[in-house]
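Number of protein chains: 2
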Amino acid sequence: MQPLRVGLIGLGTVGSGVAKVLTESPQRMTHRAGRPVELTRVAVRDLKKRRDVKLPSDLLTDDPLAVAGASDVDVVLELIGGQSPAKEVVLTALEAGKDVVTANKALLCAEGAGLFSKAREVGRCIAFEAAIAGGIPIVHVLGQAMAGNQVTAIEAILNGTSNFILTEMLQRGESYDSAVREAQELGYAEADPAMDVDGTDAAQKLCLLTQLAFGTRVTPEAFPQQGIDTLDLADLQYANELGYAVKLLATAKLIDGKLEMHTQPTLIRHNRPLAQVDGAYNMVALTGDAVGPMWLSGQGAGQMPTASAVLSDLIDVAIGRAQSTFNRLDLWDERTAVPVQPAEDIYRRYYFRFPVEDRPHVIADITGILGNHSISLASVIQHEAPEVDDTDTSGAPIVPLVIMTHRSHEGKIRAASDELNKLACVRQPWVCMPVSD
Amino acid sequence: MQPLRVGLIGLGTVGSGVAKVLTESPQRMTHRAGRPVELTRVAVRDLKKRRDVKLPSDLLTDDPLAVAGASDVDVVLELIGGQSPAKEVVLTALEAGKDVVTANKALLCAEGAGLFSKAREVGRCIAFEAAIAGGIPIVHVLGQAMAGNQVTAIEAILNGTSNFILTEMLQRGESYDSAVREAQELGYAEADPAMDVDGTDAAQKLCLLTQLAFGTRVTPEAFPQQGIDTLDLADLQYANELGYAVKLLATAKLIDGKLEMHTQPTLIRHNRPLAQVDGAYNMVALTGDAVGPMWLSGQGAGQMPTASAVLSDLIDVAIGRAQSTFNRLDLWDERTAVPVQPAEDIYRRYYFRFPVEDRPHVIADITGILGNHSISLASVIQHEAPEVDDTDTSGAPIVPLVIMTHRSHEGKIRAASDELNKLACVRQPWVCMPVSD
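Protein chains in written order, with my numbering: chain A, 44 to 480; chain B, 44 to 480.
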C-alpha cells in the first residue's frame with residue numbers, strides 16, 4: 044500500500060518523541076495504520092543543534108513553510124506551538140491539500156474558526172488530540188465514544204504544572220514560590236510559568252472541550268479565569284482541614300440551556316475522584332445524559348504521552364478515520380451552540396480567607412456585609428495559627444478568618460467583595476475560592 | 044442522505060434504552076451520524092409483553108432471524124445475549140451483507156474467531172463497545188486512541204455486581220449472603236448471580252481486552268479465575284486494616300514477552316485509584332509504552348450506560364468509521380500474538396487467612412511449610428477477634444491467623460497449599476488472595 048508521508052514541523056520535546064517512534068518502531072506503525080508511515084521531511088529552527096533522535100540530515104530543513112507545502116508530504120505535523128508561524132504553516136498545508144495534525148491549543152483557541160473552515164473548504168482535516176490533556180484521549184472520547192450522548196457537564200484538571208505545584212505545597216508544607224522553583228528544576232514548569240499558573244493554559248483547553256461537547260465557540264475572556272499564583276499555603280491547609288482539596292478546575296456545565304463556565308482554584312471534597320489526582324496528572328470528569336458520570340485520567344503533558352496522542356491522530360489520518368470524524372464534529376459549527384451563562388448568575392458555595400485585625404466587632408462587620416447581600420454562612424472559623432504573631436504596619440495583630448458560605452450567586456459575592464475591600468479591618472490580599480459540589 | 048436502517052434484536056433493558064434514544068432524539072442521531080438513523084425492525088421474544096418504550100406495532104416481530112436477514116435493514120443490533128440464537132443472528136446478518144453491533148461478551152469470547160473471520164470474509168464489521176465495561180469506551184481507546192502504543196498492562200474492575208457486593212460488605216459490615224440479597228433487590232444482581240460473582244463475566248471481558256491490546260486469543264480456561272463468592276467479611280476487614288481494599292481484579296500484563304493473566308479477588312493498596320472504585324462502577328487501568336499509566340472509570344452496566352456504547356457503535360457504522368477500525372484491529376488475528384505465562388510462574392505477594400486451632404505449635408507448623416517452599420513472610424498476625432469464641436466440633440477454640448508474604452511464585456504457593464490442606468490444625472475453608480503492587 045502507498046505509505047503515508049509525514050512532514051514534521053518542530054523537533055522539540057514532543058516532535059522528537061514522535062520522530063523516535065516513527066523511526067524506531069516502523070513495523071508497529073505499519074501494522075496499526077495499515078500502511079507504512081514515513082517521515083519524509085522535518086523542519087527545525089536551528090539546523091546545527093544536537094538532538095536525541097537520529098535522522099538522516101537530508102530530511103532536515105529550517106524552512107517550515109517549505110515542508111508544509113512539499114509535494115512528497117501527505118500530512119503535516121505542526122508541533123512548533125504559538126501563533127506564528129504556526130498559523131501560516133497550517134494554512135499552507137491545507138491549501139496544498141494536506142491533512143494537519145497539531146498539538147497547538149493556543150492557535151486553535153485563537154484561530155480555530157478560520158482554520159477549521161479552511162479545512163472544510165479544501166476537504167482536508169485538522170486532528171488535535173494532543174492539544175488537550177496530553178495522552179488522555181478526550182477528543183476521541185467526546186467526538187466518537189460519547190456521540191450518542193448530550194454531554195451535560197465537564198469538570199477537569201487540565202494543567203499538570205499547577206496540579207504538581209498544589210500537590211507539593213500541601214504535601215511538603217512549601218510556599219508557592221518554593222514549589223514553583225521545584226517544578227522548574229524537575230522540568231514540570233517552564234522558565235516563565237505564567238501561562239500555566241495564571242490559568243490561561245487550562246482556560247484555552249476548556250474552550251476546545253466546550254466546542255467539542257457543546258458546539259459553542261467561546262474564548263477565555265467569556266468566563267471567570269483565575270490561576271493558582273494568588274494562593275497561599277495556608278488556604279490549602281485550611282481547605283484540607285475542612286475536608287477539601289484545592290485544584291485548578293476547569294468547568295463547563297449545561298444548566299437550564301446555558302453553559303456555566305469557569306477556570307479557577309476550587310475546593311473539591313476529598314472523596315471525589317478529582318480531589319485524588321496528585322502531581323503532574325490530569326483528569327477529565329464528564330457527564331453524559333446516557334452514559335452518566337465518567338472519569339479519564341493520565342499524564343497531561345510530557346514527551347511520550349503527548350507523542351502518543353499525535354501518533355493516534357496520524358494513524359487515524361492514515362486509515363481515513365480522522366477525515367470522517369472531522370466532518371462530523373461540532374467544531375466551530377454553531378448549529379447546536381449553547382450560550383454562556385453570565386458570570387453573575389453562577390450559583391455555588393464559596394470559601395473566604397480574610398487576614399483581619401484581631402479586635403472587637405471584626406467578625407460582625409464582615410458577616411454583616413455578607414448577610415446584607417443575602418449570603419448565608421455555613422461555617423466561620425477564626426484560626427489562631429499560623430498568622431497570630433503577624434502584625435501589620437499599624438502594629439495590630441492579624442489573624443485569619445475562614446468562612447464557608449452556603450450557595451450564593453456570584454453577582455452577590457462580587458457586590459459584597461466591593462464592600463469588604465473598603466473595610467479597614469480586612470487586610471489585602473484576601474482570598475475567595477468557589478466550591479465544587 | 045440515505046438513512047441508516049437499524050434492525051434491533053432484543054428489547055430487554057439495553058435494547059429498550061437504545062430504542063428510546065433512536066425514537067426520542069432522532070435529530071441528535073442525525074446530526075452526529077451525518078444521516079438519519081431509523082429503527083425499521085424490532086425482534087422481541089414475547090409480542091404481548093408491555094414495554095416502557097412506545098414503538099409502532101408493525102415494527103415488531105418475534106422472529107429474530109427474519110430481522111437479521113431483512114432487506115430493509117443495514118445494521119443489526121444483537122442485544123439478546125447468550126449463545127443461541129445470538130450466533131445464528133450474527134451469522135445471518137453478516138451473510139446478508141449487514142454490519143453487526145453487539146453487547147454479547149459471552150458470544151464473542153466463545154465464538155469470536157469464527158464470527159470475526161466471517162465478517163472479514165464478507166467485508167462487513169462487528170462492533171462491540173458495549174460488550175466490555177458498559178459505558179466506558181475501552182474498545183475505542185484500545186483500538187484507536189492508544190494505537191501508537193504497545194500496551195504493557197491492563198488491570199481492571201469489570202464486574203459492577205461484584206464491586207457493589209464487596210463495597211456493601213465492608214462499608215455496612217454485612218455478610219456476603221446479605222450483600223448479594225441487597226444487590227438483587229436494587230437490581231444490581233440477577234436472580235442467579237453466578238456468572239457475576241464467580242468471576243466468569245470478568246474473565247470473559249478480560250479475554251476480549253487481551254485480544255484488543257495484545258492480539259492474543261485466549262479463553263478463560265487459560266488463566267486462574269476465582270470469584271468473590273468464597274470471601275468472608277473478615278477478609279475484607281483484615282485487608283482494610285493492613286491498608287488494602289479487596290477488588291475482583293482482572294489482569295493482563297506483558298512481562299518478558301509473555302502475558303501474566305488472572306481474574307481474582309485481589310488486595311490493592313488504598314492509595315491506588317483502583318482501590319477507590321466503590322459501588323457498581325468499573326475501572327480500567329492501562330499502561331502504554333508511550334502514554335504511560337491511564338485510568339478510565341464509569342458505570343460498567345445498566346440500561347443507559349450500555350445503550351450509550353451501542354449508540355456510539357451505531358454512529359461509527361453510519362459514518363463508515365466502524366468498518367475502517369474493524370479492519371485494523373488485532374482481533375483474532377495472530378500476527379502479533381503474545382503467549383500466556385503458565386500460572387505457576389506468576390510472581391507476586393499473597394494474603395492468607397487460616398482458621399486455626401488455638402494451641403501450641405500451630406504457627407510454627409504453618410510458617411514451617413511456607414518456609415520449606417521458600418515463601419518468605421512479610422507479616423504474621425494472629426487476631427483474637429471476631430472468631431475467638433468459635434469452637435469446632437472437637438471443642439477446640441478456632442482463631443484466625445493472617446499472613447502476608449513477600450513475592451513468591453504461584454507454583455510454590457500451590458505446592459505449599461497442598462501440604463497446608465493436610466495440617467490437622469488448619470480448618471477449611473481457608474483463604475488465599477494475591478496482592479497487586
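Check each hint, because a few of them may be wrong.
No copy labels: a pair is met if it fits in one copy or bridges any two.
[Said to hold, decoys possible] DSSO-like mimics (lysine-lysine), calculated; alpha carbons at most 27 Å apart, straight line:
(1) K296 with K63
(2) K296 with K97
(3) K63 with K301
FYI, nobody ran anything at the bench for these hints, they're computed from the structure.
query = Which hint numbers does the structure go against, in order from smallest to largest?
reply = Going through the list in order, the structure violates hint 2 alone and respects the others.
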